[in-house]
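Colleague: Sequence:
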Amino acid sequence: MAEWPELRQPIDDVRAAMTSLRWHQALRRRIPEAAAESRVRGAQASGELDGARLPVDQVREYIAGVREWPADPDPVDEVVRGVIAATAATEDVRGYVLTAPAQALARLHVAAVGHLPQESGDAADGGPGDGLGRPRRAGESCGELIELGEAPDPSEVTERLALLGDVLRGHAGLPGVVVAAIAHGEIAALRPFRRANGVVARALERSLVQATGLDPTGVAVPELGHFRQGMTAYVGALSAYTSGSRDGVRLWLEHCCAALVAAADEGRAVADAVLAGRLPS
1 MAEWPELRQP
11 IDDVRAAMTS
21 LRWHQALRRR
31 IPEAAAESRV
41 RGAQASGELD
51 GARLPVDQVR
61 EYIAGVREWP
71 ADPDPVDEVV
81 RGVIAATAAT
91 EDVRGYVLTA
101 PAQALARLHV
111 AAVGHLPQES
121 GDAADGGPGD
131 GLGRPRRAGE
141 SCGELIELGE
151 APDPSEVTER
161 LALLGDVLRG
171 HAGLPGVVVA
181 AIAHGEIAAL
191 RPFRRANGVV
201 ARALERSLVQ
211 ATGLDPTGVA
221 VPELGHFRQG
231 MTAYVGALSA
241 YTSGSRDGVR
251 LWLEHCCAAL
261 VAAADEGRAV
271 ADAVLAGRLP
281 S
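With our numbering applied, the sequence shown covers 1 to 281.
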């Protein structure tokens, strides 16, 4: 795929944008500060892509611990809390996502839904049950991302997750943008968990953007890159990928390249704010 003629320029554009970000003056000494703000903006955008809208300032307050979660949370609070936890977990996951991808997925899923009540519920209703951190089993369904069609059978999920693991462990020589895009697309298409698949897919992409060296600083904001193209474009590109056709996969990869260029642009905006002392304390 990296050699497809239509993708050469978009892939080069991503590399150039990420290289420009890496050499930003603010990132000589203040990467942790900038990366923390990237996670704030990324979590807010990932929540929006899951239909949970909270102002970025409120997300920042939750992450900083200066705002307490409601005792009786509504669905938006529950989603955003999981998104924040999964986005934070990428800082740990990036260290082993390329060598132990199954463990990385489990860690991200636990972060995304671990705060929710783990009720025993009927497997057919898509409830959490005992599915924390593990892929769906026979008889377990998923009602998420219905725009992509019916979620694959658990037996297919198991096979394709194994193939994805092979790709991640054998990633050497592949452009980071291709690795991250395929991983994001596969998790969204497979919906391996009963819930929070979109959150996990985007967190996995963030961890891979760092782990592959595409943006080792963690300052780019991939989630915002997807969000800024619009929900219709995001779901449409995922639907194209799910079709399995060459054109569908190409469209998704082009979408991801555009998203990561925008992610680097937002990273530079974060770095500019750090340099100018404009980030909220």
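I should point out that these hints are in silico values taken from the structure, not numbers from a laboratory.
There could be a bad hint or two in this list.
[Claimed, not checked] What follows is a list of derived Cβ distance ranges for each label pair:
hint	residue 1	residue 2	range
1	Gly-236	Gly-143	18 to 26 angstroms
2	Ala-276	Ala-138	53 to 61 angstroms
3	Leu-174	Gly-244	36 to 44 angstroms
4	Gly-277	Gly-143	25 to 33 angstroms
5	Gln-58	Trp-4	36 to 44 angstroms
6	Arg-137	Asp-13	35 to 43 angstroms
The beta-carbon is built from N, C-alpha and C at its ideal position, and this holds for glycine as well.
Colleague: So, for every hint listed, does it hold in this structure?
Modeller: How the hints compare with the structure:
1. Separation of Gly-236 from Gly-143 is about 20 angstroms and conforms to the stated range, judged on CB atoms against 18 to 26 angstroms.
2. A hinted range of 53 to 61 angstroms for the beta carbons of Ala-276 and Ala-138 is consistent with their spacing of about 55 angstroms.
3. Between Leu-174 and Gly-244 the beta carbons are some 19 angstroms apart, a value that contradicts the proposed interval 36 to 44 angstroms.
4. In this structure, Gly-277 and Gly-143 break the distance hint of 25 to 33 angstroms, their C-beta atoms being roughly 46 angstroms apart.
5. The hinted window of 36 to 44 angstroms between Gln-58 and Trp-4 holds, with their beta carbons roughly 42 angstroms apart.
6. The hinted range of 35 to 43 angstroms is satisfied by Arg-137 and Asp-13, whose Cβ atoms lie roughly 41 angstroms apart.
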